[in-house]
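**Q** Chains A and B, in that order, are what the protein sequence lines are. Quick note on the working numbering: the first sequence kicks off at 1 and runs consecutively. Quick note on the working numbering: the second sequence kicks off at 1001 and runs consecutively.
Bear in mind the hints are in silico, worked out from the structure with no lab data behind them. Careful, some of the hints might be misleading.
Unchecked claim - Calculated from the model, a selection of chain A residues having no Cβ within reach of chain B, i.e. all distances over 10 Å:
id : residue
1  : K4
2  : I66
3  : L80
4  : P86
5  : E149
6  : T229
7  : I235
8  : E303
9  : A305
10 : D312
11 : I399
12 : T404
Stated by the list, open to error - On the chain B side, residues computed to face chain A include the following (Cβ under 10 Å):
id : residue
13 : R1110
14 : Y1162
15 : I1251
16 : P1254
17 : D1255
Just so you know, even glycine gets a beta-carbon here, dropped at the ideal spot from N, CA and C.
As a plain string of letters, each chain reads:
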Amino acid sequence: MFTKEIIEDARSDPINHFEKIRKNIERNENEVNSFITLLLDEAEKEIKQTKEGKLAYLLIAIKDNILVEGIKTTAGSKMLKNYIAPFDATVIKNIKKEGGIIIGKTNMDEFACGSDGTTSAFGPTRNPLDLEKVPGGSSSGSAAVLAAEFADLALGSDTGGSIRNPSAFCSIFGFKPTYGIVSRYGLIDMAMSLDQIGPMAKDTYGLALLMDVISGKDIYDPTTIRKPTKSFTEIIENFKDNNLKGKKVVYAREFLDYTEDKIKRKFFNVIDYLNSLGLEIIETSLPEIEYAVPTYYLVVPSEFASAMQRYDGLKYGYRKEVRDIWNTIMESRKVLGREVKRRIFLGTFITSREEFGKWYKKAVLVRLKIRKRLLELFKKYDYLVSPTMPVLPWRIGEIQDPLTMYQMDVLTVLANLVGIPSGSVPIAKSVGFQVMGNLKEDHKVLELMYTVEQKFSKFIKTN
Amino acid sequence: MKAKIGFEIHVQLNTKQKLFCRCSADYTDKDPNTNICPICTGQPGSKPMPPNLEAIKNVIKVGLILGCKPNHVRIYFLRKHYFYPDLPKNYQITSEPLMVDGNFFGVKIREVHLEEDPGRYDLRNGYVDFNRSGTPLAEIVTEPDIESPEHAKGWLEKLFLYLKYSRAIRADPGSIRVDVNVSIEGGERVEIKNVNSIDGVYRSLKYEILRQTRMLIVGKRIKRETRHYDDEKRITAPLREKEDIADYRYIPDPDLIPIEISESLIDNIKRDILSPIEYEKILKNKYNLKENYIQKLLQNPEFLELCIYVLKNIKKEDPNRVAEILTNHVWRVIKDTNLEFHQIKNLQLVRNIERLLTILNRVDRNKLCDIVSAMLLNSEDPVNYAKKKRYLLQEVDKNKIISIVKEILTSETKAVNDYLNGKKKALSYLVGKVMSRLEIKPNPKTITEIIKEEIYRTYR
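Just chain A, with the same shape it has in the complex:
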């Protein structure tokens, strides 16, 4: 069902709607492993109460790095296995205010460090479309719950593709908003200058609906900016295909050098369709993309190592007590997973006094160059498009080499490095079409996503 039908279903008979979802979960969750904490009992209590607001009676799954007061928030790590969140993230406050019901906390790569869901301390999530395959990551559970009909809407977080990648692999819709439009207060940090919470849904309307609820300036996050005055759902509802006639869509040929042929073909189907609608298609060259992944994987560990300092086993989280506090800190931090440790080591090294100029500073400068280049591009063009992922989902455990894994983010990290909005629309099984727009033009990105959805996303329904 698409979001509007879901809303109707949920409002007309909330308990029946809930029971359907519960049945799906009870039948299939064992195989998918999409939740770390399921809140069926809590949700059942909530569903029996009168709900009002934009999200009334909708069952929403939350990535487990977003704090929900009184509920375990693990970030997919043994370090926070028993951590009970002491407050609601700003996005959660807003969701509750609009009558949304939280159905559970979803599985994810540990501290969001991963691209396929396999680094979770609670076991990998499986792709509901093909249980042998990865669901993408790091918002693996949030994408899987939508594909498996375990929830109506979901929240993920996206640092370098963590919403869009699993959205593509699980054939759902995912959106990374402009940096700052959604508050990060209550989101467990990965890389603070790149992190952004975003919506995941069964269609563009669902994304718009959640965006209306979660976006806006927040006194608890100084990096937030004001949201546009017009509501996202209104924009989608009043939208007609030919609205985009004459809009300029650009893609970079280097994007396709990284992309599998089968995906390339699907991508060009969309391009041709857009052309037929009267949008102008332009091919360009973006040689900078070669530096996107290296830059990204220098910025991320630098900020990540800093963010991870607080997990010392003294105040909260896993503690292994030994003879003195220094050794207690060291022993406790050993509980962190391999990929997390790798990034902490890397980040500590990069920002050390001797290496700072050689690595961190350079990465920041290259990032600025990439930003400048892309923002120049958006002066001329309306959209930058690409496939979301360069490949189809791989088998669970197939990719072990970290560098191969990092390379999977090649098409998604640009949006985070620059801060621009970017969404993924499903155009075939496990294939996403990525739309990027200029800063603060989130609504425009959603419009093009909606256009593509009308023609290419019907297949989801028949799944």
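Put chain B on the given structure of chain A with help from the hints.
**A** This is chain B only, laid out in the frame that chain A set:
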């Protein structure tokens, strides 16, 4: 031996709230870990709120007092990383310099910046109290322009007096923390960390300069190192090697937006600053106060403010008479009790002092403090209170005194002769004689005057 001494001085800024959250900045007298929130305890997912504007203004104020110029660039907040139990995020947020290139009484100021204070770690028991965590600090970095322990002490005393005046820093004791850098000719720079008082700075420098001088005399090398000062043993000792080679891995904090200092903000703050020098001018030129009163008032900015308030509101009185009551009796009562300046700063006090001055000539001086304390503590009217307690010296019929004096002078010829021959004691004797004849005792001064007058009239 001439030394080169420089300081890094931490002062607690005077604000209502902490730097990056809304918790109270007043962490004293609270049960451990009751003045905290997710932000100042570094909970996962918490972020700093935008920096407290009051703290930024106060750092700028500190900088202006030290003659600094604003740093006209985008000022980033940095993360300084180190593991310590009292530092909840295991990194401290510290700003780049906000104010630079100052000079305060001959000592150049390199820069002043803003930081968050950690909590408090009780090493012995292993307890951590985060009540203080996140309160705002200013760090003042000087050039090594100080030459001796005496110079250091004098300069720091002046510095803290001026800072206290500005109201930019907290007044309570224990809010001073100084890192002292000291080198002598032929040796490397040694840092003494975390000295907690001005006297501590003085003593640690005395010790350290002596130690370094001895090392050089016996031909040893003074290596660059970090030491700490033990105020009980009065010595400095090296810190563990590990603590000495810290790499703080500074990076800009991505959670915070850099700030820029505008000219208009600087102008606003400038208007708000009064230094002791300016106060001295006001007291001298506007109120004509005697030098000893001025010096006494300048010692305490809060008391000074109270006195200026009274002087401003009192009518038709000699300011020196007002200052006498304030600096002697009011001051003593405040010191002896737990009264706070702001509790008594009201028009009632002004009226009471006016009333008190009307009876000042007739009141028993020894009872003044009692009257003032009744006035301040129990809201008594000073005149009524003095009457009730019979502290007023009563009016005596002057003619009656004169006739008694005349009698005494004729009967006590020896004493009169002694006095005329220069024996001052004889006068006191005569006064005593007159006093003993009077039922209501006047001020002895009055009698003395009358006796002198009579002797003069009769014998000249």
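**Q** Now look at each hint and say whether the structure bears it out.
**A** Cross-check of the supplied hints:
Taking the minimum C-beta to C-beta distance to chain B, about 32 Å, the non-interface status of K4 (chain A) holds against the 10 Å cut. Distance check for I66 (chain A) against chain B: the nearest CB is about 7 Å away, which does not clear 10 Å, and the non-interface claim fails. With a cut of 10 Å on Cβ distances, L80 (chain A) falls inside the contact zone with chain B, its closest approach being about 7 Å. Here P86 (chain A) does not stay apart from chain B, with its beta-carbon only about 6 Å from theirs, under the 10 Å limit.
The Cβ of E149 (chain A) sits about 29 Å from the closest Cβ of chain B, beyond the 10 Å cut-off, so the non-interface label holds. With a least CB separation of 23 Å from chain B, T229 (chain A) remains clear of the 10 Å interface cut-off, as annotated. With a cut of 10 Å on Cβ distances, I235 (chain A) stays outside the contact zone with chain B, its closest approach being about 28 Å. Not every beta carbon of chain B lies more than 10 Å from that of E303 (chain A), the smallest distance being close to 6 Å; the non-interface claim is violated.
With a cut of 10 Å on Cβ distances, A305 (chain A) falls inside the contact zone with chain B, its closest approach being about 8 Å. Distance to chain B contradicts D312 (chain A) as a non-interface residue, since its nearest Cβ pair spans about 6 Å, not more than 10 Å. Residue placement check: I399 (chain A) keeps its beta carbon more than 10 Å from all beta carbons of chain B (closest about 28 Å). Interface exclusion of T404 (chain A) from chain B stands, the closest Cβ pair being 28 Å apart, more than 10 Å.
Given the 10 Å rule on beta carbons, the hint for R1110 (chain B) is violated: about 20 Å separates it from the nearest Cβ of chain A. This hint is violated: Y1162 (chain B) has a C-beta 33 Å from the nearest C-beta of chain A, more than the 10 Å allowed. Given hint, I1251 (chain B) at the interface with chain A, holds; its Cβ is 6 Å from that chain's nearest Cβ, closer than 10 Å. With a cut of 10 Å, the hint placing P1254 (chain B) at the interface with chain A holds, because the nearest CB-to-CB distance is about 4 Å.
A distance limit of 10 Å between C-beta atoms decides the matter here; for D1255 (chain B) the minimum to chain A is near 5 Å, and the interface restraint holds.
Consistency note: the structure conflicts with the earlier hints numbered 2, 3, 4, 8, 9, 10, 13, 14.
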